[in-house]
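*Asks:* The chain contents come next:
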Amino acid sequence: MRLIARYVKDLTSHFELVTVYEDEITRETISKENPSFKTLMREHPSCIWFERKIKDDFGIKIENAFDNRRLIHQERFPQNISPMRKDFTQKEIDFADYAPYKYEAIEGDGVFQVAVGPIHAGIIEPGHFHFSQAGEDMLHQEVRHFYKYRAIEKMLEGKTLFEAKKIVSRISANESIAYQIALRDIIVEASKMALPNSLRVEHAILLELERLIHHFTDLGFIPNDAGFASALAYCSKLSEDTRRVMKKLTNHRFGFDSIGFEKLGFDTLYLKEFMENLEKEISFFEDWIMDIPSLWDRFDTTGILSKENALKYDAVGVVARASGVAVDRRENEFYKSYGFELCLEKCGDVGARFKLRVAEVKNSIAMIKNFLEAYKKNSMLLKESESRDGEYFSFVESSLGEIFMSIEIKNNTIERFFVRDPSFVNWQVLHLMMPNNIIADFPLINKSCDLSYAGNDL
Amino acid sequence: MIKFWLKRVKQGILTENVGLNSELESIKKELEASIKKRFAGSLAIRMVDSGSCNGCEAECNALSNPYYDLERLGIYFVASPRHADIMLLSGLMTFNMTPHVKDAYEQMPHPKWVITLGDCPVMESVFEKTFAIKAPVKEHLPIAYHIKGCPPTPEDIMRGLLEFLREG
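Quick mapping for you: the protein sequence lines, in order, are chains A and B. Residue 1 is where the first sequence starts when you use my numbering, and the numbers rise one by one after that. Residue 1 is where the second sequence starts when you use my numbering, and the numbers rise one by one after that.
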């Protein structure tokens, strides 16, 4: 059974450990005296980060763990503070003495280590990759992140859902619409509102538009990392065109603060024409790019993730679907009625992730056209009311994969905010793609997954 | 590939006409002239993200798309701080990134300038101060210029660089 998330809530008298699976949610009580819990790292390797995060956040011991290292608290972070506990209220901490981090490394005759990051060579977010190399061959890689850790979970505590909107909108710019829809679903449930279908359609158009922008960016950058720059020129044009449409619809190039309860009102004729043009562009692109043998020589059999490993590591999104795992939160009646088709690939290599993105672009264009057929340009404004106390969950399929959000509300304000970006599980899968590949292919493999650092680090 | 080149020739150069007004064209010309005068033809920028949402980075990447094509003005994003005139710093300057940002700044040869990009590094974004945030950046590094926006558009960034060159 797929594990979605594992996190802790501080309930003042005790802690509660929540484990969310595909079909069930389990809860364990943890005493505040010598707090500890049993690890699930062996059954679900994705728990390695979930549990190490819990240890850093709350100071709870992981029993029987094979990995007890600090995760989000890095070398200069003070020891023995647990910032997610309710009694931690400091707004400023000082740098502590440097405590070295012991990397997972393979040692031996002629084996050497290559450290990359946190600041990378391109225009990209910060993160660290640690390679064990035998010449060109990658033996092992450890991904180490959380350089962007802003403590967003803590920042949102004590705010109302409406006050949280602007921050949630900016957790990860590439997935802004998806995060806003996740919060929208929780607001709707917590305040007992009914979401009219026409508003849902409007938001769904924006979500697919966001997916198009992100997929176009990747369809340019992946070939670019294999030295084929003309694909980047082609696709960055499409990405910019689509971003300008986003700006036209939401008055913001990334759609920040655009998912609300007032209808924006779209010009359907203009949008339809734009989509028809995109359809031609992507067909041309596919026809052209599939016929470049030197490019596919780099793509095929590079960075393979087997279906078995994708399942074992609870992978989601594009990474999972390219390895044949059918996991997509859009697989429901609403999306199917507008033409959603689950796209899958088998090989799990760079080529599969590339082809999957092409297929998803085509499906998103088709869906937007269907949404537009059903779109009514009436004005609508829903009144936002108070949120009822309780625990609420939502799931949204962003351009990267499944976002899981859980918010506990007490006295109309957020008591605990938890969100698991698709990248949080997929980053832990990345190292499985490295063995049998040379280090020069790492940027290509990494880009083919295009995971988020900001959403992961929070 | 022949199909692609036929389409390419037919399409022509996008940078000159689509979606950009004449004002931006004059800015580009001015920018080109300032860079020639002050930086002997090229301006090297090291982009450092100290904890952003990735929006500022996406917009900097967009500067290289055919519509903006920043490099033709002699402005380059370089791979190492040791090659840079300017550090373009985005994000909230997190606790975890602060030592690395300072390291990168140390590695830059003189003369050097820091330009902050977007509302985050100056603590004017929607994010509030937490224990994990060390912004505003001015407490750690000298700031020569600030480009505001959440995130600043590619056009804002080009205008900002020009303004910096004028003032500097």
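Hints may be right or wrong, so weigh each one.
As the list claims (entries may be wrong) - Partial chain A-side listing against chain B, Cβ under 10 angstroms, derived:
| hint | residue |
| --- | --- |
| 1 | ASP97 |
| 2 | VAL116 |
| 3 | GLU125 |
| 4 | TYR453 |
As the list claims (entries may be wrong) - Subject to a maximum C-alpha distance of 25 angstroms in a straight line, what follows is the list of computed DSS-like cross-link-like pairs (lysine-lysine):
| hint | chain 1 | residue 1 | chain 2 | residue 2 |
| --- | --- | --- | --- | --- |
| 5 | B | LYS112 | A | LYS280 |
| 6 | A | LYS237 | B | LYS129 |
| 7 | B | LYS129 | A | LYS102 |
| 8 | A | LYS362 | B | LYS102 |
| 9 | A | LYS237 | B | LYS7 |
| 10 | A | LYS280 | B | LYS3 |
| 11 | B | LYS148 | A | LYS362 |
| 12 | B | LYS129 | A | LYS159 |
| 13 | A | LYS159 | A | LYS247 |
| 14 | B | LYS129 | A | LYS9 |
| 15 | A | LYS86 | B | LYS129 |
| 16 | B | LYS148 | A | LYS248 |
| 17 | A | LYS355 | B | LYS29 |
Said to hold, decoys possible - Pairwise CB distance ranges, derived in the manner of DEER restraints:
| hint | chain 1 | residue 1 | chain 2 | residue 2 | range |
| --- | --- | --- | --- | --- | --- |
| 18 | A | GLU331 | B | LEU6 | 36 to 42 angstroms |
| 19 | A | PHE112 | B | ARG72 | 25 to 31 angstroms |
| 20 | B | GLU124 | A | LYS38 | 43 to 49 angstroms |
| 21 | B | LYS10 | A | GLY108 | 54 to 60 angstroms |
| 22 | B | GLU128 | A | ASN34 | 45 to 51 angstroms |
| 23 | A | GLY158 | B | LYS10 | 56 to 62 angstroms |
| 24 | A | ILE81 | B | GLU128 | 15 to 21 angstroms |
| 25 | A | LYS336 | B | GLN107 | 51 to 57 angstroms |
| 26 | B | GLN107 | A | SER379 | 53 to 59 angstroms |
To be clear, the hints were calculated from the coordinates, so they are not data collected in a lab. Remember, it's a predicted structure, so these values are computed and weren't measured experimentally. C-beta: ideal position from N, C-alpha, C; glycine also.
*Asks:* Confirm or reject each hint.
*Replies:* Now for the hints, and whether the structure bears them out:
For A/ASP97, the interface hint is violated, the least distance from its beta-carbon to any beta-carbon of chain B being 13 angstroms, above 10 angstroms. For A/VAL116, the interface hint is violated, since its Cβ never comes within 10 angstroms of a Cβ in chain B; the closest pair sits about 12 angstroms apart. Interface hint status for A/GLU125: upheld, as the beta-carbon distance to the closest one in chain B is roughly 5 angstroms, under 10 angstroms. Evaluation of the A/TYR453 hint against chain B yields a held restraint, the C-beta minimum of about 7 angstroms falling below 10 angstroms.
Note on B/LYS112 and A/LYS280: the hinted pairing is violated, with a Cα-Cα distance of about 47 angstroms set against a maximum of 25 angstroms. A threshold of 25 angstroms between alpha carbons decides the hint, and for A/LYS237 with B/LYS129 the separation of about 37 angstroms lies outside it, so the pair is violated. Pair hint B/LYS129 plus A/LYS102 does not hold up; C-alpha atoms about 30 angstroms apart against a cutoff of 25 angstroms. Straight-line distance between C-alpha atoms of A/LYS362 and B/LYS102 comes to about 45 angstroms, which puts the hinted pair past the 25 angstroms bound.
Restraint check for A/LYS237 and B/LYS7: the C-alpha separation of about 14 angstroms stays at or below 25 angstroms, so the hint holds. At most 25 angstroms may separate the alpha-carbon atoms for a hinted pair to count; A/LYS280 and B/LYS3 meet this at roughly 14 angstroms. Between B/LYS148 and A/LYS362 the CA atoms are separated by roughly 36 angstroms; this puts the pair beyond 25 angstroms, and the hint is violated. Between B/LYS129 and A/LYS159 the alpha-carbon distance is near 14 angstroms, which keeps this suggested pair within the 25 angstroms criterion.
Restraint check for A/LYS159 and A/LYS247: the C-alpha separation of about 29 angstroms exceeds 25 angstroms, so the hint is violated. Restraint check for B/LYS129 and A/LYS9: the C-alpha separation of about 22 angstroms stays at or below 25 angstroms, so the hint holds. Straight-line distance between C-alpha atoms of A/LYS86 and B/LYS129 comes to about 17 angstroms, which keeps the hinted pair within the 25 angstroms bound. Distance check on the hinted pair: B/LYS148 and A/LYS248 sit about 21 angstroms apart at the alpha-carbon level, within 25 angstroms; holds.
With a C-alpha separation of about 41 angstroms, the suggested pairing of A/LYS355 with B/LYS29 is violated against the 25 angstroms cut-off. For the pair A/GLU331 and B/LEU6, the beta carbons lie near 40 angstroms from each other, so the given range of 36 to 42 angstroms is met. Distance hint for A/PHE112 and B/ARG72: a CB-CB separation of about 40 angstroms, inconsistent with the stated range 25 to 31 angstroms. Between B/GLU124 and A/LYS38 the beta carbon distance is about 45 angstroms. The supplied range of 43 to 49 angstroms therefore holds.
Checking the proposed 54 to 60 angstroms range against B/LYS10 and A/GLY108 shows it holds: the Cβ atoms sit about 57 angstroms from each other. In this structure the supplied range 45 to 51 angstroms is violated for B/GLU128 paired with A/ASN34, their Cβ-Cβ distance being about 33 angstroms. A/GLY158 and B/LYS10 have their C-beta atoms about 58 angstroms apart, which keeps the hinted 56 to 62 angstroms range intact. A C-beta distance of roughly 19 angstroms is found between A/ILE81 and B/GLU128, which places it inside the suggested range of 15 to 21 angstroms.
Judged by the Cβ atoms, the range 51 to 57 angstroms given for A/LYS336 and B/GLN107 holds: they are separated by roughly 54 angstroms. Take B/GLN107 and A/SER379: their Cβ atoms lie about 55 angstroms apart, and the range 53 to 59 angstroms holds.
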